[in-house]
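S.K.: Produce the complete structure using the sequences and hints provided.
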Amino acid sequence: MALLQIAEPGESLAPHQHKLAVGIDLGTTNSLVATVRSGLSVVISDELGRPLLPSVAHYHADGRVDVGYEAQSKQALDPRNVIASVKRFMGRGIRDIAHRESLPYDFEDAPGMVRLRTIAGVKSPVEVSADILRTLRLRAEAALGGQLVGAVITVPAYFDDAQRQATKDAAKLAGLSVLRLLNEPTAAAIAYGLENASEGVYAVYDLGGGTFDISILNLSKGVFEVLSTGGDSALGGDDFDQRIFCWILEAAKLKPLSIEDARLLLTRAREAKEYLTSHGVAPIAARLNSGEVLDLKLTTEIFTEISQTLVAKTISPVKKALRDAGLSVADVKGVVMVGGATRMPQVQHAVGEFFRQEPLNNLDPDKVVALGAATQANLLAGNRAAGDDWLLLDVIPLSLGLETMGGLVEKIIPRNSTIPVARAQEFTTFRDGQTALAVHVVQGERELVSDCRSLARFELRGIPPMVAGAARIRVTFQVDADGLLAVAARELTSGVEASIVVKPSYGLSDEEIANMLTESMVHTRDDAQRRALKEAQVESQRLIEAVQSALKSDGDLLSAEQMAGIEAGIAKLQTTALGDNRRHITLAMDDLEAQTKDFAARRMNKSIHRAFTGMSIDELESRTDSSKSLGEPA
Amino acid sequence: MDFNDDHYALFGLPRIFRLDTSALDRRYREIAAQVHPDRFAQAGDAERRLSLQWATRVNEAYQTLKKPLSRAQYLLLLAGHDVGAENNTAMTPEFLMEQMEWREAVAEARLAREQGELEQLHHRVKQCMSSRYEQLAGLLDDQHDDLLATDRVRRLMFLEKLLFDIDDAIAALEA
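These protein sequence lines are chains A and S, in that order.
For the first sequence, my numbering gives the first residue as 1, with consecutive numbering after it.
For the second sequence, my numbering gives the first residue as 1, with consecutive numbering after it.
Treat the hints with care, since some could be wrong.
Calculated lysine-lysine pairs in the DSS-like style (CA-CA distance at most 30 angstroms, straight line) [to be verified]:
1. A:606 - S:161
2. A:221 - S:161
3. A:253 - A:297
Sample of chain S residues at the chain A side, in silico, Cβ under 10 angstroms [unchecked claim]:
4. 43
5. 151
6. 155
Honestly, the hints are just simulated from the structure, not real lab data.
Every residue gets a Cβ at the ideal spot worked out from N, C-alpha and C, and that includes glycine.
M.R.: See the structure below:
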């Protein structure tokens with residue numbers, strides 16, 4: 001069989017080698033999928049030419065689900081089974097959800113994340129999001145004519161670990177391979193910065209349907225460096241609808257509404273908000289189920305007044321982000337507006353007034369995030385073209401820490417740390433003879449554990465009995481490039497270890513995901529087995545290409561014998577991948593991975609050497625911090 | 001180049017306090033561009049793991065050297081002085097008195113919800129710190145008086161904490 005040609009980094013690929021990758025903006029109100037075609041980032045529309053997909057899922061008794069406009073149109077008819085704005089529930093417990101009482105859903109309190117009871121069964125927000133993502137995946141695969149190698153999925157910069165993990169789980173459930181979770185304002189900055197060849201400090205003000213982010217970035221010679229980020233993961237256009245809704249209730253002196261009427265009025269509220277973007281007065285008319293007829297007029301003045309506190313709520317995170325970046329308004333060269341909700345004139349006005357300059361609106365605020373994500377996906381998939389040499393340095397939005405004695409938080413990684421980042425700290429035991437240690441991982445800025453979000457708990461057991469304060473427990477936090485955290489603990493005198501990928505308390509367990517995957521397959525035309533095999537084949541092709549390209553550029557690092565070994569591994573995987581045994585393919589991939597482990601390390605060293613010349617070498621001294629103590633498991 | 005090199009050696013920069021920060025920025029970006037996980041999204045597991053470790057390492061080194069306080073602490077650590085150790089926190093009464101005065105002023109402004117006053121305090125602490133950093137540079141790079149420098153770094157740690165608390169108070173008023 002003919003060897004595939006591999007392009008060197010920086011060389012453009014022939015069209016047939018172009019890997020299919022997409023960027024997905026999974027929004028509260030609308031979602032989009034975009035890809036790079038002939039060097040240009042474009043949104044993929046549906047068969048009717050509509051670029052947006054309303055993030056609304058309608059569940060039917062037979063288990064079917066409609067996603068998009070069709071579902072949206074049924075909101076008032078079947079409010080309990082039409083789920084909208086599900087992003088607000090991702091990684092959230094029932095007590096975290098604002099305006100719960102005015103939402104028409106049948107919530108079920110579940111450990112970690114809230115669930116929704118529908119006619120098709122109890123749905124986790126992760127499953128609903130997966131249904132939206134699956135619709136976008138199928139749309140993209142149909143338009144591009146093949147299976148995707150992966151997707152970059154955007155999340156609000158201010159999403160915490162639980163919300164990020166939930167998003168990644170949803171993508172997995174939808175059959176997408178996640179190349180990266182990318183912060184929405186950063187995605188917008190990529191689209192904007194590359195389009196305009198911008199240099200300097202930029203602020204990205206991103207007010208979406210349900211989330212607000214502000215990011216301060218420094219753009220310089222192809223490097224997008226996020227300096228700080230802030231926001232509110234429960235503030236968006238939906239809240240403005242809610243204000244109008246409340247105003248309608250008061251203005252029309254309405255009695256408590258049925259859920260159908262409430263849904264109808266929320267829709268009217270949203271329409272009025274959109275109408276006011278280009279008009280001074282919006283008529284609001286509706287005939288309710290109760291027989292009442294509504295005929296009101298909402299003026300821009302009233303709308304500005306009733307939403308004033310919401311707009312103000314976005315400005316304080318902006319101030320904080322600027323302070324965190326060590327900058328003032330005068331340092332900001334431009335303000336990029338992102339998200340449909342920034343179309344509201346009072347928002348434009350407030351932002352312009354604060355930054356003392358006209359905000360930049362030259363990119364479509366609905367599409368800019370998806371377009372930036374597509375550009376990043378294209379790069380990560382390996383379709384690097386000449387001139388595509390840019391680098392993204394992002395940060396974590398919220399501090400990560402541990403609970404210490406007395407319910408206090410010891411911060412391990414401060415907010416706005418550039419990722420990936422790792423930090424270790426030593427702790428000790430509180431009691432004589434303490435043999436176990438409770439590790440409680442939290443995220444947030446407050447000093448009390450009860451004011452922060454609990455991410456995970458785990459225990460380190462088997463510590464040899466010692467006097468209080470004698471044990472040395474090193475706890476290591478590692479945040480990866482997706483902003484996801486893993487924690488490990490190790491007692492240094494005995495070597496006892498425990499580690500966790502932060503997930504259980506707010507995410508879903510792997511088992512739950514596996515079950516959902518099986519269930520979801522029943523209702524889709526996808527053949528689960530065939531898809532899994534196809535995925536393994538795509539994966540193995542990716543690995544073969546990676547290794548071949550490595551051999552081509554750095555083969556001189558290997559002896560003839562090692563080279564022959566790796567080539568044999570490639571040949572074996574190529575043959576196996578032609579068959580239909582998924583397990584054999586996975587095993588052959590593992591073998592090839594093992595064979596190339598040393599080679600990978602040598603290549604990494606070589607690429608670092610490339611960046612600079614030889615220098616003196618000193619021992620890195622390990623740092624010993626004075627130890628705080630951690631409690632015993634309850 | 002070795003994973004266990006010190007932060008200065010990693011960037012190939014001289015081991016001094018008066019660091020050329022634009023050279024540091026440039027070096028950091030050059031190396032980050034080589035090792036960032038985005039460059040290895042299509043690589044095998046082993047390479048992806050290595051890339052994560054290296055990118056983490058480079059970020060840590062950059063963050064440590066970028067800010068003057070952590071840079072001074074690190075320089076002293078390389079010379080065998082652990083500034084962070086809490087067993088040596090004896091400060092002169094004058095310094096402690098000055099600290100108390102600062103803190104009282106912050107507490108008063110916070111209680112009175114005087115955001116302008118807090119911003120003034122922020123500005124004054126900043127100014128005070130910048131002259132102290134200049135003294136520190138002399139101690140570290142010219143006089144090579146590590147013991148006195150260690151004491152001065154401890155004082156600056158108090159001021160950094162003070163600045164952090166002022167910013168916190170401002171943020172609380174804005175929220």
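S.K.: For each hint, tell me whether it holds in the structure or not.
M.R.: Hints versus structure:
no.	hint	result
1	A:606 - S:161	41 angstroms, violated
2	A:221 - S:161	34 angstroms, violated
3	A:253 - A:297	14 angstroms, holds
4	43	5 angstroms, holds
5	151	18 angstroms, violated
6	155	19 angstroms, violated
Hints 1, 2, 5 and 6, counting from the list given before, are not met by this structure.
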